[in-house]
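Use these hints to put chain B onto chain A, whose structure you have.
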Amino acid sequence: MVITVNGTERRLQRGSSVADLLRELGLAGGAVAVERNQRLVGPKDHVATRLEDGDALQVVTLVGGASGP
Amino acid sequence: MTTPHPPASGGPEAGAADMARRFDRQKRFAPLAEAGQARWESSSVLLVGVGALGGSLAQSMVRMGVGRLVLADRDVVEPTNLPRQVLFEDRHARDRVPKALAAQESLARIGGPTRVEAHALHVDGAALADLAEGIDLILDGTDNLASRYLINDFAVSRRLAWIYGGVVGSHGLVLPVLPEGEPPGACLRCLFPEPPPAQGLETCETAGVILPAVSAVAALQAAAALRWLSGSAAARATFRPRLMQLDVWTQDFLAIEAPRQADCPCCVGRQFPFLEQASNPAAVVLCGRNTVQVRGPGRPDAARVRAVVRAHAREVIEAGPLLRFDVEGLRITLFPDGRALIEGTEDPGLARAVYDRYVGS
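First to last, the sequence lines map onto chains A and B. Counting with my numbering, you get residues 134 to 202 for the letters of the first sequence. Counting with my numbering, you get residues 72 to 432 for the letters of the second sequence.
Next comes chain A alone, as it looks inside the complex (with noise of 0.2 Å):
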C-alpha cells in the first residue's frame, strides 16, 4: 500500500501498524508524535493502529536543543 509521510510517498507492507512505520523510520522507542488523517494517534496507540492505503501521515520529533535530553 501507499501512504504519505511528511508530505512524501512511500511504500508500505499492508496491516503494517504506526509502529511498525515508526521501525521503518528508525524512530522506534523515539519520542514522537504521530498525526494520521488529521487527528493525533496518541503514542499507546502506535501499535494498535493499523494503517491504510492513502493514509497521510504527519511525524513529529521531540526537539531538545543545545543540551539534548
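In case anyone wonders, no lab produced these hints; they're calculated from the structure. On a predicted model such as this, the values are computed, not experimentally measured, just so you know. Any given hint could be a false lead.
If you want a taste of the chain A side facing chain B, the calculated C-beta under 8 Å gives, among others [said to hold, decoys possible]:
no. : residue
1   : 173
2   : 187
3   : 195
Straight-line Cα separation of at most 25 Å, SDA-like style, residue types lysine to any residue; simulated pairs [unchecked claim]:
no. : chain 1 : residue 1 : chain 2 : residue 2
4   : A       : 177       : A       : 158
5   : B       : 98        : B       : 306
6   : A       : 177       : A       : 162
7   : A       : 177       : B       : 255
8   : A       : 177       : A       : 153
9   : A       : 177       : B       : 110
10  : A       : 177       : B       : 268
11  : B       : 98        : B       : 86
12  : A       : 177       : B       : 327
13  : A       : 177       : B       : 253
14  : A       : 177       : B       : 250
15  : A       : 177       : B       : 336
16  : B       : 98        : B       : 110
17  : A       : 177       : B       : 347
18  : A       : 177       : B       : 348
19  : B       : 98        : B       : 131
20  : B       : 98        : B       : 298
21  : B       : 98        : B       : 136
22  : A       : 177       : B       : 311
23  : A       : 177       : B       : 264
24  : B       : 98        : B       : 88
25  : A       : 177       : B       : 298
26  : A       : 177       : B       : 313
27  : A       : 177       : B       : 344
28  : A       : 177       : B       : 98
29  : A       : 177       : B       : 306
30  : A       : 177       : B       : 333
31  : B       : 98        : B       : 186
Glycine included, every Cβ here is placed at the ideal spot set by N, Cα and C.
Using the frame of chain A, we list chain B on its own:
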C-alpha cells in the same frame, strides 16, 4: 534583582503620555484591543532559560509591555552564544556575565513599563516554586529536556500555562500547554510520555543551530503567550493549542491539533515523577560546554574563599557578586549561592574535587 524604570525624557507627564501612545499599534490589533492590552499589562511571566530562545522571548515580552517578567538562568555568557543570543554583547562574553543579569541590563535599555527581575540560579523544583510566585504563565527558554519535563510536571500540577519551545539546526517545535479550554489541550507528556534516551536526539552540538530558526520558534511561543494572557475567559476557552513544527531552511511547516490524551499519566493521572525526583544534583555536566556545574552545601564563606583563591589561583577577578579564577588548568566562576561553573572539564569527580579544594565542601 529588579530594574527600575528608566526615567522618561521630558518629565513625568511627557513620560506618561509617551507610555499611553507606546502601545497604540498593538491595541489597534482587533483581537487584542484595549481590554486585551490591559490584561496583558497586568500579567506576570516566568522565563526559564535566557539564552537563544530565552533572549528572543524576553525581548518580545518587554517590547510588547507585559506587566512583569522574571528571568532565571544558571549560565554565563560565552563567545559562541553571540551569533544567536540577541541580548548579549562581546563584553558580556568577555566578562562571563551571568546570562540573567546581562539580559536584564540589555532589556533595561529598551525602556517601557515591564518590571524585569533576574535570578542567576539553577532552576530545580524548589526554585520553580519560589520563582512562580504570582506568575500567570511560564515560557520555556531552556536547552534540555530534563528541564522541560520538570516544568511540565510543575505547571500541570499547579494548573499553570506554559509554552514549550525547542530548536536545533534549522528546525524547531512549539507546544502551548494550557490548563483551560474545552476540549482541553495536551500537555508535553500526552504526546511524549517519557524523555527519549540521550543518544536519540540531535543537539545544537551535533546539528548546530541558526538564528532564524531560533527567532521563528520564539515568535510562535511569544504569540501564544500574548494570545493566552490577553484573552478573556471566553477567548481562552476557544484557544485550541497545536503542536507546531517548522523548518526555516526547507520551508516546511506543520501544525497538529493536540487534544489531551485520556491516558496521560500527567495531566489526567496527576502523577508528577519529574517534579518529585527533581533533586539538586551535586555536579551536572553542561553537555557540549566542557563545563561542570557544582553546587555547594550553602553560601560559601566569601572572605575565606577569597584568601585561598588569592594564594593559589591566577587571573582572579571579582565581577559584582561573582568571583572568577583560574586554577589547575580550569576556570572557576563562583556564584554567591555557592554554585560554581567549572570550565575545562566534563569530569564531575574532578570538578567536585577542585570545588572542595578551593571553595570548601
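Going down the list of hints, with the structure as the test:
no., hint, result
1, 173, "6 Å, holds"
2, 187, "19 Å, violated"
3, 195, "5 Å, holds"
4, A/177 - A/158, "18 Å, holds"
5, B/98 - B/306, "16 Å, holds"
6, A/177 - A/162, "12 Å, holds"
7, A/177 - B/255, "19 Å, holds"
8, A/177 - A/153, "14 Å, holds"
9, A/177 - B/110, "39 Å, violated"
10, A/177 - B/268, "18 Å, holds"
11, B/98 - B/86, "19 Å, holds"
12, A/177 - B/327, "18 Å, holds"
13, A/177 - B/253, "23 Å, holds"
14, A/177 - B/250, "22 Å, holds"
15, A/177 - B/336, "11 Å, holds"
16, B/98 - B/110, "12 Å, holds"
17, A/177 - B/347, "24 Å, holds"
18, A/177 - B/348, "24 Å, holds"
19, B/98 - B/131, "16 Å, holds"
20, B/98 - B/298, "13 Å, holds"
21, B/98 - B/136, "11 Å, holds"
22, A/177 - B/311, "22 Å, holds"
23, A/177 - B/264, "9 Å, holds"
24, B/98 - B/88, "15 Å, holds"
25, A/177 - B/298, "31 Å, violated"
26, A/177 - B/313, "20 Å, holds"
27, A/177 - B/344, "19 Å, holds"
28, A/177 - B/98, "44 Å, violated"
29, A/177 - B/306, "32 Å, violated"
30, A/177 - B/333, "10 Å, holds"
31, B/98 - B/186, "20 Å, holds"
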